[in-house]
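Chain H is fixed; fit chain Z onto it per the hints.
So the protein sequences, as listed, match chains H and Z. Numbering (our numbering) for the first sequence: 1 to 352. Numbering (our numbering) for the second sequence: 1 to 386.
No lab work stands behind these hints: they were computed from the structure. Among the clues, some could well be false.
[Claimed, not checked] DSS-like, lysine-lysine: derived pairs with alpha carbons at most 27 Å apart:
id	chain 1	residue 1	chain 2	residue 2
1	H	32	H	134
2	H	233	Z	186
3	H	183	H	233
4	Z	186	Z	243
5	Z	67	Z	109
6	H	289	Z	364
7	Z	147	Z	243
8	Z	149	Z	206
9	Z	186	Z	149
10	Z	186	H	229
11	Z	116	Z	67
12	Z	243	H	233
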Amino acid sequence: MTENIVAETAERIFADLADAQTLNSAKDNSWKPALWSALTDAGLPLSWVPEECDGSGASLADGFSVASSAGRYAVAVPLVETMLAGWLLSRAGLPSPSGTMTVAPARPQDRITANADGTLSGCARGVPFAADAKHIAVIASGAKGFTIALVEASACRIEPGESLGHDPLNTVTLNNVQPLSAKAAPSDLTPVSLMLMGAAVRSLQIAGALETMLDISVRYSNERVAFEKNISKFQAVQHNLAKLAGEVAAAVAAAGSAADAVANSSSFDDAVFLEVSSAKIRCAEAAEKGTAIAHQVHGAIGFSAEHILHRYTLRALSWRDDFGHESYWAVELGKFVAARGADELWPLVASR
Amino acid sequence: MTAVLRFDQIRLPPECEVLLHEVRAFLAEEIAAGTFNPHEPQREDTDVPEFSRRVGKRGWIGMTWPKAYGGHERSFLERYVVTEEMRIANAPTRRFFVADRQSGPVLLKYANEQIKMDIVPRICRGEVCFAIGMSEPNSGSDLFAAKTKATKTNGGWLINGTKIWTTSAHIADYMLAIFRTSPPTKENRRHGLTQFLVDMKAPGIKVNPIAQISGLNEFNEVVFEDAFLPDDYLLGEIDGAWKQATSELAYERSGPERFLETYYVLTELVRALGANPDARGAEGIGRLVAQLHTMRRMSVSVAGMLQAGKEPVVEASIVKDIGTIWEQQLPHRVRDLAAFVDADASNHHTLEDQLAFAIKIAPKLTIQGGTTEVLRGIIARGLGLR
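So that you can see chain H by itself, here it is in the shape it has in the complex (with noise of 0.2 Å):
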C-alpha cells in the first residue's frame, strides 16, 4: 500500500491502535492516549517540522502518504492537524512544541487580526479538533502583512461542537490572546497557502476513506447473501460498485496529483492552485456520490451505529467543509480561468 518509511510506520501503528472496530465498540475515548503517545514516539506529528527545530523533518511527499493513510483509517485524533500547525510554524522558523495542536483560520472566509500591541483577535469557526488541542497555529493579518503565531489553547474561548464524524469542531475566539511566539510570515506565505495546504490534506485524506469504503463494500458484498447468492453477483449491484470504483479513482487521482504538485514546487503559484483546488471539488464530489452507494451496497447495516462504515462516510463528509468548501474553491478557481480567458483554459490544464 505505502511507498516510504514514514507512512508504514504510521499504517502500523493505525493497523494495531486505531482498529475500526475497535474504536467503534469502544465505550469511550480511553484508546485515544494510547494512540497518540505512539504517534508521538514515532515523530509523526511533528512529520514537518525539521529536525533541529525537534521535529522529524520528513518531506513534503512523506507527510502527504501520512494523510493519505489516515484518511484510509479514517484516524479520529489531530495527527494531520499537527501536521499542518508544525508545517506553518517551520515556516517562520518558529519551534514547534510538544503535544496536540491545531491550525486556524481553518475557512477562507475567516479573518485573525494581528493588532498593533502583538496580541491576536478574530473569530474563526470550523476549527478541526480544536477543542482536544493544546495548542493552535494561526496566520494572523495586520497593518505589515502576515503573522504566524503559537498560542496556546486555553487562551482563546473555544465553542464545543462537532462535525459529522463525531470529532471535535469549534469556534475558536480570541480577544487581545497574547501569543506565546510570533514571527513574521514569509513574503510568499499567507493565508490562502494554509487554505491550499489544508485543503490538499483534507483531499488526500477523502480518497482514503474512500479507498476504504470501496474496499469494505466490495468485501460485504461478496459475503452477504440475498435471494439465494452474493450480492456481489447482481449486475445492478455489480454497476453501482464500478461507479463507486470510479469516484475512488478520481478521488485518489485528483488528491495525489494536487499532492505531488505541493511536493514538487517552491512556491503557491498558479499550478499549485489549479492543481489543489480542483482536487477538494473533485475529492469533496466523489465523498457525496462514493458514501451514498457505500451506504447502498451494505443496506441496513450500514446504517447502524455498530457497524465501522460511518466512520469513514460521515468523516469523508465532513471533511468537504475544511479548509474551503468544494463551492468556493469553484468559484475561485472558475473566476482564475474566466481572468486569463477562454482561449488560455487548455494550455492550463495541458501544462499539468
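Showing chain Z alone in chain H's frame:
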C-alpha cells in the same frame, strides 16, 4: 485491501513540451490556411486527405512504431500530446486516427512481413484509412455473437454477411474485421472468430451509408457477398480472435479522445461568460475545470503506466467510463450555465451552434468503443465481483 486503484504521478517529460508547441504551431498554420475551422466541430466527418499526409510528413502518425515500418519509435506520452492537441483543435483526424490507434498495432503484431512492409509505412504517411469491422445487426456489445462468415476456399477465404455501424467504411481503404470461421463450442462461446484484414476495394463488398441523428453520415452498413480475401490476410490464430481483441483495450480506452470530444463547448462557455462571471457562472466553470483536470491527470497517468510496461486494465476502463459520461454531460451543464448569457455576446451564435451539435452527438459517447455497461462489467471483474 481487496482492490487497489493506482494512478502514478506522471508528468509529461520535456520532449513532450517541445512537441506540444510544434503541434500547436502546425495546427495554427493549417487553420490559417483554411484547412479546417476549429470552431466547427460539426465538420468532423469531412475528409481531408492532404491534411493526413501533412500530419504523416511531420512524423505524427505511427509515432510509437518501429522505424523499420515507417514509425518513429517515440513514447506513448508523445503520441498522447499529439492526439490531445488534434482533438482540442477539432482537427480532421478521421482518416488516420483509427489506423494510428488500433489497426497499425494489430498489423504489427499479427500480419506477415510482406503486408506489414506494404501497409504500415503507408499508414505512417497518412495515405490509408482504416475501419473496424466488429458490430453486426445482432452483435453489438455481445461481440462473440458475430455471424458474418469466412469460408475456406482455394488460396483464401470467402466472406458473407453484414457488418454495421462501421465508422468511416465509406472512405476506408482497409478494414480489420472479425469473422466466424467455426461455431462456438460448449466450453467457450468466444471460440470460432478469426481476425482478418479486408481490402475495401475487393469485389463483393458494398458500403451503404447510414444517416445519424446528428445529421452526419459517419457510419455505414458493409455487406459482404462472396468477397475474397487471400490467405495472408488472416491475422493471428484461426478461431482465436477473442484473445487478440481483448489484449489492447487499455490503449483504446484511456486516451484523451475519451473525454475531450465535446470540450469545445466549455471554451465557448468561458468566452461567453466573460472575464468577470457571476458566482453561479464562476462556480460552474470551476467545477467543470476541476473535473476536466482530474480526468486528464488520470488519463496521462494510465498512458505513463502503459509506457512503463504496467497493465492498468481496470484503471483504463474507469477512465473511459467516467470520461465518456463527463463528455456526454458537459454540453448539458454548459447549456445550464449559458442560460442567462447575453444574446448579444460576441460568440453567442457559435455557442448555440456548438451546443446544438454536441447535445445531438452526446448519446453516442457512452456507446462507441465499448458501452458503459460493458465497461462496468470489466471494472466489476477487476474488483473481484465476477
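Checked hints:
1. H:32 <-> H:134: Judged against 27 Å, a Cα distance of about 15 Å means the pair holds.
2. H:233 <-> Z:186: Holds: residue 233 of chain H and residue 186 of chain Z sit about 22 Å apart, inside 27 Å.
3. H:183 <-> H:233: Measuring from Cα to Cα gives roughly 60 Å; hence the hint is violated.
4. Z:186 <-> Z:243: holds, 17 Å
5. Z:67 <-> Z:109: holds, 15 Å
6. H:289 <-> Z:364: holds, 24 Å
7. Z:147 <-> Z:243: holds, 18 Å
8. Z:149 <-> Z:206: holds, 16 Å
9. Z:186 <-> Z:149: Given that 27 Å is the threshold and the Cα spacing comes to 19 Å, the pair holds.
10. Z:186 <-> H:229: holds, 25 Å
11. Z:116 <-> Z:67: holds, 12 Å
12. Z:243 <-> H:233: Within the cut-off at roughly 25 Å; holds.
The structure is inconsistent with hint 3 alone, although it conforms to all the rest.
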